[in-house]
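Please construct the entire structure, taking both the sequences and the accompanying hints into account.
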Amino acid sequence: MLDLQPLLCPRSIAVIGASTQPEKVGGVPIRLLGELGYGGRVFPVNPGADTVQGLRAYASVADIGERVDLAIVAVPAPAAPDVMAQLGQAGTRAAVVFTSGFAEVSGGDALQHALATQAHAHGVQLLGPNCLGAMNLRERMFATFSPIPLSGVPPVGHVGLVSQSGAFGAYAFALAREAGLGLSHWVTTGNEAGLQVADVIEWLANDPQTQVILAYIEGARDGMRLRRALAAARAAGKPVVIAKVGTTAAGASAAQSHTASLAGEDAVYQAVFDEYGVHRAHTLEAFFRLGYTLARGRRPAQWQSPSGLAADAVAPVAIVTVSGGVGIMMADSAETLGLPLPPMPDAAAQALRTAIPFASTANPIDVTGQVVAQPQVFVDALANVARCGQYGAVAAFLAGGVNAPRLWPVLQDTVSALEAERHAAPLLISGVMDDDKRAWLEARGCLVFREPAHTMEAVAALAKAAAMEAAVSDDNRAPDLPVPSPALPPDAAALSEAEAMAWLADAGVPVVPHGVARNAEAAVDLAESIGYPVAVKICSRHILHKSDIGGVVLNLRDADAVRAAFGQVRQAASQARDTGGQAVPFEGAIVARMARGWGEIMVGVRRDPVFGLVALAGIGGTAVEIFRQMAFGLAPLSRQRARAMLTQSRAAALCTGHRGHPAIDLDAVADVLVNVSRAAAAMGDRLDTLEINPFIVGPDGLAAADAVITLR
Numbered sequence: 001m002l003d004l005q006p007l008l009c010p011r012s013i014a015v016i017g018a019s020t021q022p023e024k025v026g027g028v029p030i031r032l033l034g035e036l037g038y039g040g041r042v043f044p045v046n047p048g049a050d051t052v053q054g055l056r057a058y059a060s061v062a063d064i065g066e067r068v069d070l071a072i073v074a075v076p077a078p079a080a081p082d083v084m085a086q087l088g089q090a091g092t093r094a095a096v097v098f099t100s101g102f103a104e105v106s107g108g109d110a111l112q113h114a115l116a117t118q119a120h121a122h123g124v125q126l127l128g129p130n131c132l133g134a135m136n137l138r139e140r141m142f143a144t145f146s147p148i149p150l151s152g153v154p155p156v157g158h159v160g161l162v163s164q165s166g167a168f169g170a171y172a173f174a175l176a177r178e179a180g181l182g183l184s185h186w187v188t189t190g191n192e193a194g195l196q197v198a199d200v201i202e203w204l205a206n207d208p209q210t211q212v213i214l215a216y217i218e219g220a221r222d223g224m225r226l227r228r229a230l231a232a233a234r235a236a237g238k239p240v241v242i243a244k245v246g247t248t249a250a251g252a253s254a255a256q257s258h259t260a261s262l263a264g265e266d267a268v269y270q271a272v273f274d275e276y277g278v279h280r281a282h283t284l285e286a287f288f289r290l291g292y293t294l295a296r297g298r299r300p301a302q303w304q305s306p307s308g309l310a311a312d313a314v315a316p317v318a319i320v321t322v323s324g325g326v327g328i329m330m331a332d333s334a335e336t337l338g339l340p341l342p343p344m345p346d347a348a349a350q351a352l353r354t355a356i357p358f359a360s361t362a363n364p365i366d367v368t369g370q371v372v373a374q375p376q377v378f379v380d381a382l383a384n385v386a387r388c389g390q391y392g393a394v395a396a397f398l399a400g401g402v403n404a405p406r407l408w409p410v411l412q413d414t415v416s417a418l419e420a421e422r423h424a425a426p427l428l429i430s431g432v433m434d435d436d437k438r439a440w441l442e443a444r445g446c447l448v449f450r451e452p453a454h455t456m457e458a459v460a461a462l463a464k465a466a467a468m469e470a471a472v473s474d475d476n477r478a479p480d481l482p483v484p485s486p487a488l489p490p491d492a493a494a495l496s497e498a499e500a501m502a503w504l505a506d507a508g509v510p511v512v513p514h515g516v517a518r519n520a521e522a523a524v525d526l527a528e529s530i531g532y533p534v535a536v537k538i539c540s541r542h543i544l545h546k547s548d549i550g551g552v553v554l555n556l557r558d559a560d561a562v563r564a565a566f567g568q569v570r571q572a573a574s575q576a577r578d579t580g581g582q583a584v585p586f587e588g589a590i591v592a593r594m595a596r597g598w599g600e601i602m603v604g605v606r607r608d609p610v611f612g613l614v615a616l617a618g619i620g621g622t623a624v625e626i627f628r629q630m631a632f633g634l635a636p637l638s639r640q641r642a643r644a645m646l647t648q649s650r651a652a653a654l655c656t657g658h659r660g661h662p663a664i665d666l667d668a669v670a671d672v673l674v675n676v677s678r679a680a681a682a683m684g685d686r687l688d689t690l691e692i693n694p695f696i697v698g699p700d701g702l703a704a705a706d707a708v709i710t711l712r
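At position 65 of the sequence shown the residue is numbered 65 (our numbering), and the sequence of numbers has no breaks.
FYI, nobody ran anything at the bench for these hints, they're computed from the structure. A couple of the hints might just be wrong.
[Unchecked claim] If you anchor each label on the Cβ, the simulated ranges turn out as follows:
1) Arg712 <-> Asp266: 22 to 28 Å
2) Ala355 <-> Gln412: 19 to 25 Å
3) Ala174 <-> Arg450: 17 to 23 Å
4) Asp50 <-> Arg450: 20 to 26 Å
5) Ala231 <-> Asp3: 15 to 21 Å
6) His282 <-> Asn206: 26 to 32 Å
7) Ala492 <-> Gly123: 40 to 46 Å
8) Ala235 <-> Gln575: 55 to 61 Å
9) Gly581 <-> Gln304: 40 to 46 Å
Just so we're clear, the structure is a prediction, and the values are computed from it rather than from any experiment. Cβ coordinates follow ideal geometry from the N, Cα and C atoms, glycine included.
Below, the structure is given as structure tokens:
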């Protein structure tokens, strides 16, 4: 882990390019540090001034006469590399470079490289360039040129916020202030010539003052760095909320297989987030709402993970409402999120029906508008379900009832009592209320929302966080078994189907019986030994999509049909050309048994340029790109992850028994996915894509009927 202590907890700060005018880029940080209570020493560096904003100025950093922890650099871009060298020679340990005009503009790459080279050579942790800076709210350290802190800062808290975008960071700072969300640190990374968002996440994961991490990213150049950071946060039990923008598929036009075109950029990022239990926000409102929920919400004691993965954890909820219609809306949201709604316990239900005969004691529990006349009944129902031990959380919708003079006092009594009972389920309240009442409820452990459905989303987030903190198995380790690694052809861009099937079979992946024939009579002999019906297909390293040129003939039931099919595929091969326009040599024909089954599953692995090997699985066959019902995971897969992918893609439905077909062991199917991912990993850096489409689902499990492996 990189040491960001000099950057985020500096004991002294030099401002290079310090301005006597407090509103200028080089003047704002000096004003902020002076007015907002920074306790360390500040050294303005400005060779043209004796003093800057009441502080002694220095002609250069060397003239300061002591080592400075952090330098804020606000000089023209061409001068920045020389300044970085001077900082390194003076022993400065970290630098924030505000200046723009680097890689974000045409022709600025070389200048940014020079800046980064100087920082690296002298051991200076570089933040930026073209960034808005960093803040440590606890230390009152404001290394930024944004004037937003002058109009107020958020309360000091336990939420760390890091953003690649300075504009987003400034806006997020203002929103956190408005929401009263307590921040520990605020960092913007700009062009990331040195520090990346991942480095800040990893440092915050190890910071005792930070419990929740919010991050805005547009992309990651170093996927392994981001994975390491997210793993550190997971190990520390600290939830990470990420707003990732950009959802377009990358490189689809150059794809040679379904695997490459289906696993677009956003799907790969989502697989990474799922792997490490990241909470993803798609809007600014959700970004802060999740931060609020995870920072202030008590984790449910009752939660479960149907897949065994923390990312899929849910908690049973009791919905107590004054409106049947809103209760139904909340129930709809709960079902969408997979949150169970167990019925109200018998004793509590009987007590509610006795007090209000027309109340609904199902879940949602509708106390109706009678709450105004009988407020004690409502709070008793609330307390009974919170104390019964079968709910992970209790969500109450009160509309405007909190403002009713008769309800508020009894609600206060009940909330205070439940707060003292640590075994009681956490309480989430939605409704309209003033700031004082909201603050009173939040101070006693309640989460408060205006939108009722947000209570359900909060419960789902808290259940996921509880599972992560309880160290539920969510790792990506595949079984530690040897994988054969036969030599790959050194110059080949792909394996033939026969080579690919042999590789998979050696790795423990079931494949249909098959062989390669060089002439028609050998093809007949193979068909006779394998058993009819069979398929005959071109076998070639140069022809990956055989059916496109008539190189596949299916359902052959006798010797004459096999002879005719062999002649057809040989003719198709003679007309094929490789990427250089040259004729493709005929390598023979594959003769394979036609597998019998009732469904098709596709499994693939592709090499993502950022994150490495990514596996995908889903409904297969010829319609795979029409339905695009795929799930993704980082390879090599664990059995739990493979099972979750089968469920998420709905491929598991083919294995559970339907329309007279028997159920097959889902763990055995998941193990096939694991073995495919291990086979891909065994190829090392040579693998580009591996695709099996289809796996035939039959009474004996899966059998690969076709395979494509492309190499780098």
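Against the structure, the hints:
{"no.": "1", "hint": "Arg712 <-> Asp266: 22 to 28 Å", "in the structure": "holds (23 Å)"}
{"no.": "2", "hint": "Ala355 <-> Gln412: 19 to 25 Å", "in the structure": "holds (20 Å)"}
{"no.": "3", "hint": "Ala174 <-> Arg450: 17 to 23 Å", "in the structure": "holds (20 Å)"}
{"no.": "4", "hint": "Asp50 <-> Arg450: 20 to 26 Å", "in the structure": "violated (55 Å)"}
{"no.": "5", "hint": "Ala231 <-> Asp3: 15 to 21 Å", "in the structure": "holds (19 Å)"}
{"no.": "6", "hint": "His282 <-> Asn206: 26 to 32 Å", "in the structure": "holds (28 Å)"}
{"no.": "7", "hint": "Ala492 <-> Gly123: 40 to 46 Å", "in the structure": "holds (45 Å)"}
{"no.": "8", "hint": "Ala235 <-> Gln575: 55 to 61 Å", "in the structure": "holds (57 Å)"}
{"no.": "9", "hint": "Gly581 <-> Gln304: 40 to 46 Å", "in the structure": "violated (59 Å)"}
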